[in-house]
Amino acid sequence: MSKALLYDATLCVGCKQCEAGCAQQNGLPYDDKVAAELVQSDHKFTVVLNKNEKYMRKMCMHCEDPACASVCPVGALRKTSAGPVIYEEDRCMGCRYCMVACPFGVPKYEWSKVLPKVQKCVMCPDRLAAGQQTACAESCPTGATKFGEREELIKEAQDRLRANPGNYVPHVFGVEEVGGTSVLLLSGMAFEEFGFNPKDMPKDPLPLYTYRVLSRIPDFVPLGGMVLGGIWWITHRREDVAEAEANEHKGGAK
Amino acid sequence: MKFKFTFWKLVFAIIMVLGGYATILRFVKGIGAVSNLSDQYPWGIWVGFDVLCGVMLAAGGFTLTAAVHIFNIKRLHPIVRPTVLTAFLGYMLVSVALLIDLGRPYRIWHPLIMRNPHSVMFEVAYCVMLYTTVLSLEFSPVVLERFKLEKPLKFIKAALIPLVILGVILSTLHQSSLGTVYLIMPTKLHPFWYSPLLPVFFFISAIAVGLAMTIFESSISSKVFGRQLELPILKELGRVLIVVLAVYGILRFEDLFHRGMLKATLVPKYEMYLFWLEMALALIAPLILLAFKKVRTTAGGLYLSAVLVVLGFITNRLNVSITGMEGTAGGHYVPKWTEYAITAAIVAAGFALFGLAVKYLPIFTDEHEHEATPAKANAVAASAAMSHAGD
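Chains as they are written, first to last, in this note's numbering: chain A, 1 to 254; chain B, 1 to 391.
These aren't lab readings, by the way, just hints derived from the structure by calculation. Each statement offered as a hint is correct.
Below, a sample of chain B positions facing chain A; criterion: calculated Cβ distance under 8 Å:
hint: 1; residue: D39
hint: 2; residue: H110
hint: 3; residue: F122
hint: 4; residue: I161
hint: 5; residue: L183
Using 20 Å as the maximum straight-line C-alpha spacing, the simulated EDC-like pairs for lysine to aspartate or glutamate come out as follows:
hint: 6; chain 1: A; residue 1: K79; chain 2: A; residue 2: E151
hint: 7; chain 1: B; residue 1: K188; chain 2: A; residue 2: E192
hint: 8; chain 1: B; residue 1: K29; chain 2: A; residue 2: E110
hint: 9; chain 1: B; residue 1: K188; chain 2: A; residue 2: D65
hint: 10; chain 1: B; residue 1: K74; chain 2: A; residue 2: E239
hint: 11; chain 1: B; residue 1: K188; chain 2: A; residue 2: D200
hint: 12; chain 1: B; residue 1: K188; chain 2: A; residue 2: E193
hint: 13; chain 1: B; residue 1: K29; chain 2: A; residue 2: D42
hint: 14; chain 1: A; residue 1: K117; chain 2: B; residue 2: D39
hint: 15; chain 1: B; residue 1: K74; chain 2: A; residue 2: D240
hint: 16; chain 1: B; residue 1: K293; chain 2: B; residue 2: E230
hint: 17; chain 1: B; residue 1: K336; chain 2: A; residue 2: E110
hint: 18; chain 1: B; residue 1: K188; chain 2: A; residue 2: E176
hint: 19; chain 1: B; residue 1: K188; chain 2: A; residue 2: D204
hint: 20; chain 1: A; residue 1: K113; chain 2: B; residue 2: D39
hint: 21; chain 1: A; residue 1: K51; chain 2: A; residue 2: E37
hint: 22; chain 1: B; residue 1: K74; chain 2: A; residue 2: E243
Each residue gets a CB set at the ideal place from its N, CA and C atoms; glycine is no exception.
Model the full structure from these sequences, guided by the hints.
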């Protein structure tokens with residue numbers, strides 16, 4: 001049982017209350033200037049985009065099997081059983097592989113700081129632990145962002161699609177993409193308009209792509225050792241034999 | 001001791017001053033202030049060149065030690081030492097580059113106790129760490145000989161074969177893993193470069209570059225240190241290089257064909273030009289050149305081909321790490337002067353350290369040769385190095 005968010009763009013009015021709630025929860029400044037910024041950054045973890053009065057919210061998708069957590073060499077990013085993908089700042093050494101690996105380009109870096117850390121939405125883990133919903137879901141006046149159990153939210157999203165097929169693109173983003181995400185999206189406008197490409201997104205979790213190779217290493221090491229050792233034995237044995245056979249001619253490495 | 005000021009020493013001094021200044025700026029102001037790295041381009045030339053190319057250029061170490069000690073090709077023995085030295089310096093400099101690039105360099109030791117075995121980066125970190133240790137041990141006889149420490153020397157020599165085998169395994173793992181790093185980005189990396197075979201490509205090209213770098217470095221050494229050129233050895237390396245390049249080329253194009261990308265390589269586009277630049281430098285030009293007997297049997301021809309191969313695969317690594325990501329990241333990444341300055345200083349430091357090592361250590365003396373005429377051989381190398389050490 002893990003928590004998730006369902007964002008229904010057709011219910012969104014673009015009020016950006018979620019942005020403000022998120023900033024407050026995370027102790028980040030929020031004013032008109034920040035509100036006007038249209039990209040996620042180290043000081044803005046969620047963004048509401050507006051295309052001709054059609055909206056889309058961008059935030060960490062909290063993948064079921066996240067690429068960022070898989071690539072982090074020190075395990076600073078981690079998917080918790082409660083749902084959120086959290087970040088332990090104390091572990092991070094700043095290699096930024098998470099930023100490169102994330103298919104949604106979510107993790108952001110504090111480029112202006114001398115000792116930067118990664119910043120992203122962590123799905124209010126403290127609030128979740130206290131049995132509360134996320135700050136963004138709480139601030140949403142229309143219910144466009146809804147907090148709940150992932151399984152139930154998927155059902156609800158599919159019900160909404162069935163009930164009002166004319167309103168929606170017939171797809172719940174996040175059920176299958178990259179192995180599923182804990183943020184589910186419904187949209188009235190093509191997802192591609194907002195930079196989501198459901199068609200290009202593999203259904204396999206991305207960590208599988210590297211794991212398929214990495215998992216062979218434990219076999220490779222003893223096998224490689226044996227093969228190399230064998231070649232060494234053969235090449236040197238051949239030499240010994242040749243030396244023994246023609247005692248006179250070899251002046252060898254001795 | 002008389003200090004002569006030469007043109008190359010001046011160039012070296014300028015590069016080091018600029019690099020040193022840039023490094024100070026980087027630690028005082030932070031990465032963001034001194035680089036054009038951004039949320040769009042979290043990795044720039046410090047990763048794409050200093051780390052990816054650095055590790056690749058140091059691949060001669062495992063290629064040559066395997067050829068000589070495992071495959072028992074004794075003819076190649078005289079060039080093992082300079083090659084292992086190059087590899088050792090290469091990995092040291094990669095570590096320095098990492099300290100520059102990491103956001104919090106003082107935590108570079110974290111993978112030792114915070115382990116995530118699912119991370120390619122974690123595996124690379126361990127392999128590089130262990131392999132640098134192996135290289136320092138493989139190189140240690142040179143230092144031990146210099147100071148006539150017979151006991152540890154005996155010990156290292158007894159352990160040499162297991163060390164070499166370990167080194168080859170570790171190299172195979174992390175050379176290919178630098179390609180595996182990009183396997184997790186099927187939606188981000190341009191299909192000219194994204195392939196399930198990336199680890200294989202990285203590994204084979206590392207061998208090619210290892211051979212090419214050995215030719216390159218032997219040619220340079222013969223000029224700079226007044227050392228006799230081992231032409232028969234280089235010719236042999238050149239022959240192997242042809243085979244490795246051909247195998248790489250066939251695999252690469254077969255892979256493009258199977259993924260239906262061949263046609264796209266003919267459609268004029270930003271990525272297409274850089275793809276063909278890479279192909280021309282790494283494969284087409286060297287293969288055509290080396291097909292001529294005149295080229296593959298002469299010092300100049302081999303040198304030129306080797307330089308092309310090295311440049312070609314540097315282009316390949318930069319294409320994977322930068323060009324291939326530009327399409328999805330949007331815009332272009334152009335490094336800031338400070339990024340170039342630090343990278344240039346690292347490369348220059350490599351050349352200088354190599355010069356110093358040759359000057360003070362028995363690098364170009366084969367074991368028995370060394371025992372016979374150590375003083376003379378050292379004197380020749382040293383006097384030549386004296387006037388060029390800063391190069």
